[in-house]
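Colleague: Place chain P on chain S using the hints.
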Amino acid sequence: MNKEHFCESCIAALENTSKIYKTGDTSVTALQPSTVMLKPNELTLIIGPSGSGKTTLLSLLGCVIYPTTGDIWVNGNHVNLLNEVELANLRLRNIGFVFQSFNLIAPLNAIENVIMPLRLLRLPESKAREKALEALEKVNMTDKQKNLPRELSGGQQQRIAIARALVTEPSLILCDEPTAALDTKSVSIVMQELKSLVSVGKSIAVVTHDNRLKQFADRILYVNNGFVSDTPPEEEIFT
Amino acid sequence: MIKTAYKFLKYDKPKTIGVIIGIVICTFLIGQQVGILTFLTRLMGGLIDNSDTDTAQIWIVDKITINVNELARLDESLVREVRSVEGVKNSYPVIVAGAIATFSSGKTVPVTLIGSEPPHFSAGPNTGKIAEGKLSDLVLEYSISADYYDASTFSNTTDLGTELELNGKRAFIRLQTIDARGFGGSYIYTTVTKARFYANYPQDKVNAINVSIKDGYTPEEVCNSINKTFPSVRAWVTNDLKKSTIRFVVSSSNIGTSIGSLVIFAIISGFFIIGLTLYSAAIDRIRDYGTLKAIGATNQYITKLILIQSFISASTGFLLAWMLLEGFRSGVAKGGLIFSLSPALLVGLFLITLIISGGSAVFFSIRTLKNVEPASVFRN
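As they're listed, the protein sequences go chains S and P.
Numbering of the first sequence is given in the numbering used here, commencing with residue 1 and proceeding in unit increments.
Numbering of the second sequence is given in the numbering used here, commencing with residue 1 and proceeding in unit increments.
So here's chain S without its partners, still in its complex pose (with noise of 0.2 Å):
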């Protein structure tokens, strides 16, 4: 079934996308049909709280779940169409995650963790250390290249992260409340790191209930009971 693009200038749409999970004769709608399009050059901030749909909205456009309705598109890619090695593939070269835990490989050290995806490109050792290298430059992690992850703090660790999901320099990075586990600090740090892609024609969505974040925004969703609106509900959602 091929379907047109309803967005050709986005990095990710959803197009009347739902998600349901059904558990025995139990149904829970994790998210209402929903259309959300996400443009490069974009910080997109999801806010919502404990159950809202936020992790539902990330993982559909993360292609690491499909949608019970509607279609998903990443990079042109009709998602709903693909099994599960293209779905793989399709992340690994067009999607970078940040998680709120990290998610480093614990028994890899950060030059390790930070080339894992370019492995799994199979792109040949020394030219994916010499990519890896630059990617911490990036984020000022060279000096812990030979750490574990368990030998840095969060906010280090989370630099790394951030280093392992630009290094495949994919247009699209997912945040799951990537500043949730850190100090003042390394919040401003991490988040001016993340700003500074968007400017290289990126495409940014940061999940998460972090009220300083609303500053590094370009754009707003809100996500309650399922719904996703530009505008914040009536009640704030924030305490």
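Source of the hints: derived by calculation from the structure; they are not laboratory data.
We treat Cβ as the ideally placed atom computed from N, Cα and C, and that holds for glycine.
You can trust all of the hints, since none of them are fake.
Here are a few chain P residues that sit away from chain S, every Cβ distance over 10 Å (derived from the structure): (1) Phe39; (2) Lys63; (3) Val85; (4) Thr108; (5) Lys129; (6) Ile130; (7) Asn156; (8) Gly185; (9) Lys205; (10) Ser225; (11) Ser251; (12) Asn254; (13) Leu324; (14) Ala333; (15) Leu346.
Within a straight-line C-alpha distance of at most 30 Å, the following computed DSS-like cross-link-like pairs (lysine-lysine) qualify: (16) S:Lys131 to P:Lys304; (17) P:Lys107 to P:Lys129; (18) S:Lys195 to S:Lys127; (19) P:Lys13 to S:Lys146; (20) S:Lys146 to P:Lys15; (21) S:Lys127 to P:Lys3; (22) S:Lys144 to S:Lys195; (23) S:Lys146 to P:Lys7; (24) S:Lys214 to S:Lys138; (25) S:Lys144 to P:Lys15; (26) P:Lys3 to S:Lys144; (27) P:Lys10 to S:Lys131.
Stretches of chain P that chain S covers, calculated by requiring three or more beta carbons in the stretch to come under 8 Å of a beta carbon on chain S: (28) 5 to 17; (29) 293 to 300; (30) 363 to 377.
Modeller: Okay, now just chain P, sitting in the frame of chain S:
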């Protein structure tokens, strides 16, 4: 990927050590049991293994016997009659008889006397199994052989010149064999005449006839001719009689079942010990595997990563087990339990190790990790 797999193993040392210990125990037990079985099967065919390969190309025994350790009596006249069969070069009488050996210490031990004719001594011992003395020394008066490894059974030295009694008759050890032993008894080699003398064996009987064949004939052809000419006996190609003996003893004594079940239990316990430890290690690292999937690794990549870890563990475990087996082998060899870790045995053992390790990895870890959703990394 090998380096990444190695780092995963190195990071989780306790589990890796657990897996390797499981592999070492399992591989060692299998190797040990197979080694002992090899030793026992060699003993089962010992009478044939110790014989002279040039003059004992064919064994003629009674029609019923399928086990060389249970020989009935044949008429001595057959030894000469067989020579008339086409393809037979020569034939030699063999006597196998029980006797009681009494040593100067007073200890008495049942032994098996094996008599064959000089100068070839077709029934053995073959020259490769002579430790001290000369084969021709067996023609001397009261001269017999004894085996180096039987010293502990005899509680007496088996050195040349040792005096003993066989069924109350004087004898001297003039030839010392090494590992020329059989299943369930100490072998004493001598001439046909002396075997008859010591065992009070009838002059007109023999237990077997060894046959050498003329050039241009195969043992199978000559066997067929003998069997057609003398329907009351059965001629065997030497190696066939050995195989038949081993098959018979292994099945009738339950040695095969006993050792086989030990090996199977070692494989099963190894499979579960290794598999559950690998599973536990995989569960500990499930977040890492989920992250790998989220950033673009396929199930194929995860499978390879786990299998390489299992291969590294299996190889390390196998090498350690091999060292232990060598230690065990040299330790028990001093007591006469001799087996070799042949290349075929080692290759087989390594393949079994790989199958146990890889199979348990697939069964326990890979199945679980294949079901890890990449989306799980978004849940804390």
